[in-house]
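Let's have the full structure, built from the sequences with the hints guiding it.
Numbering (full-length UniProt numbering), first residue to last: 1 to 399.
DMTMM-like cross-link-like pairs, simulated, lysine to aspartate or glutamate; straight-line CA separation at most 20 Å:
id : residue 1 : residue 2
1  : Lys-230   : Glu-208
2  : Lys-76    : Glu-313
3  : Lys-40    : Glu-127
4  : Lys-319   : Glu-278
5  : Lys-6     : Glu-89
6  : Lys-87    : Glu-278
No wet-lab data here; the hints were simulated from the structure.
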Amino acid sequence: MESTTKPNIVIVGGGYAGIQVAQSLDKSVSKTHQIILIEKKTHFYHSVGSLRAMAEEDFEERILIPYSSLFKNGGKVVHATVTTIHKEEVIVSTETEWGTHIPFEYLIVATGSSYSAPAKVDNTTKEEIVPEIRKRREAVKDSSKILIIGGGPVGIELAGELATVYKEKTITLVHSGETLLHPKFPKKLRNTLHKQLKDLNVKMILGEKVILPDGGLGDGLTSQSLETDKGTTIESDVQFFAVGAKPNTSLIKTLDASLLEEETSLIKVAPTLQFEHEEFKHFFAVGDVTNVNETKMAYRAGLQAAVVTKNVEALIAKKKLAAYKSPPELMFVTIGKTGGAALLPMFGGMVVGPFMTKSIKGKSLFIDNNWKLLTGKPFAGKDAALVKEESTAPAETTA
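Have a look at this one:
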């Protein structure tokens with residue numbers, strides 16, 4: 001087979017960073033190398049759009065995108081779990097055309113991070129993920145009181161999605177900080193988002209922490225009475241935990257635990273995004289798993305992916321490698337389809353309101369962008385057709 005005659009470039013993880021590195025390398029070096037993306041999920045989970053699935057019927061069809069059309073130049077997607085990494089091969093859970101030991105010349109670790117549902121999910125097939133999403137959405141629909149723990153971007157966006165659809169429900173957001181978001185973000189951004197949630201009657205309890213039961217929240221679909229560290233009692237039918245992404249880097253311990261930062265479990269990388277270790281200069285990390293000191297966001301994963309692609313190409317061509325430089329902060333926080341606020345990188349950080357936020361992110365949640373990236377076409381489901389019809393219909397006027 002052709003795949004055995006060319007050295008492999010293996011990418012572990014098919015999230016935002018992994019798919020972009022894989023596609024770019026498939027375009028640029030497929031004549032000399034076999035590109036292999038190893039991903040345990042059968043479909044790409046578009047987490048940026050996942051929160052809306054808690055309020056909108058059938059939205060899960062938009063955020064689960066098949067990997068089957070990812071490559072155009074011979075790259076291959078292997079649906080498996082990597083169990084062990086060695087210096088020149090990975091061991092996977094299932095038999096592949098390379099067996100269970102897949103050799104590589106270069107390895108790119110893009111295993112991302114874990115987060116509570118619905119922002120991210122643990123199940124691996126669409127057949128498992130769809131019922132999970134629908135079960136949560138039905139629980140939300142049937143509830144009268146909803147608790148969201150965490151006032152970062154995920155908690156704010158989830159509160160916004162629910163509050164704009166379910167105006168009759170009591171939605172409580174608890175955040176340990178004195179204001180929404182991290183204090184490093186501009187006061188204007190934090191205040192703008194706070195006001196919009198307040199206008200939607202979201203009850204915000206700031207400066208308090210929810211005391212979790214010994215077993216945690218469970219699936220979050222059971223009525224519970226919880227208290228904060230300041231004695232506030234909160235009754236809820238459904239609970240969402242929107243705090244604390246954890247990097248998926250335990251796999252690195254099968255290679256060398258010293259490659260991870262002890263306090264964060266992030267992979268130590270050089271400015272080139274190579275592993276910071278002389279023995280592993282043919283290893284790269286990209287996305288949420290790196291110890292690059294910046295906020296972990298999908299657009300940054302794409303920027304890192306571009307640098308890793310260039311540097312793998314440079315190693316193959318024996319040329320000088322480039323350094324990754326963190327761009328200024330950029331963040332869009334939506335509140336439903338028409339609200340929200342954003343921080344733009346110009347003028348030292350400019351805050352804009354709902355109009356630009358909804359235009360760039362809120363209406364679309366980058367659904368079509370990601371469908372085009374993975375399949376070459378925008379989402380073509382029945383809902384997309386309806387949206388297209390509505391957008392081209394004449395506007396109605398009211399007296």
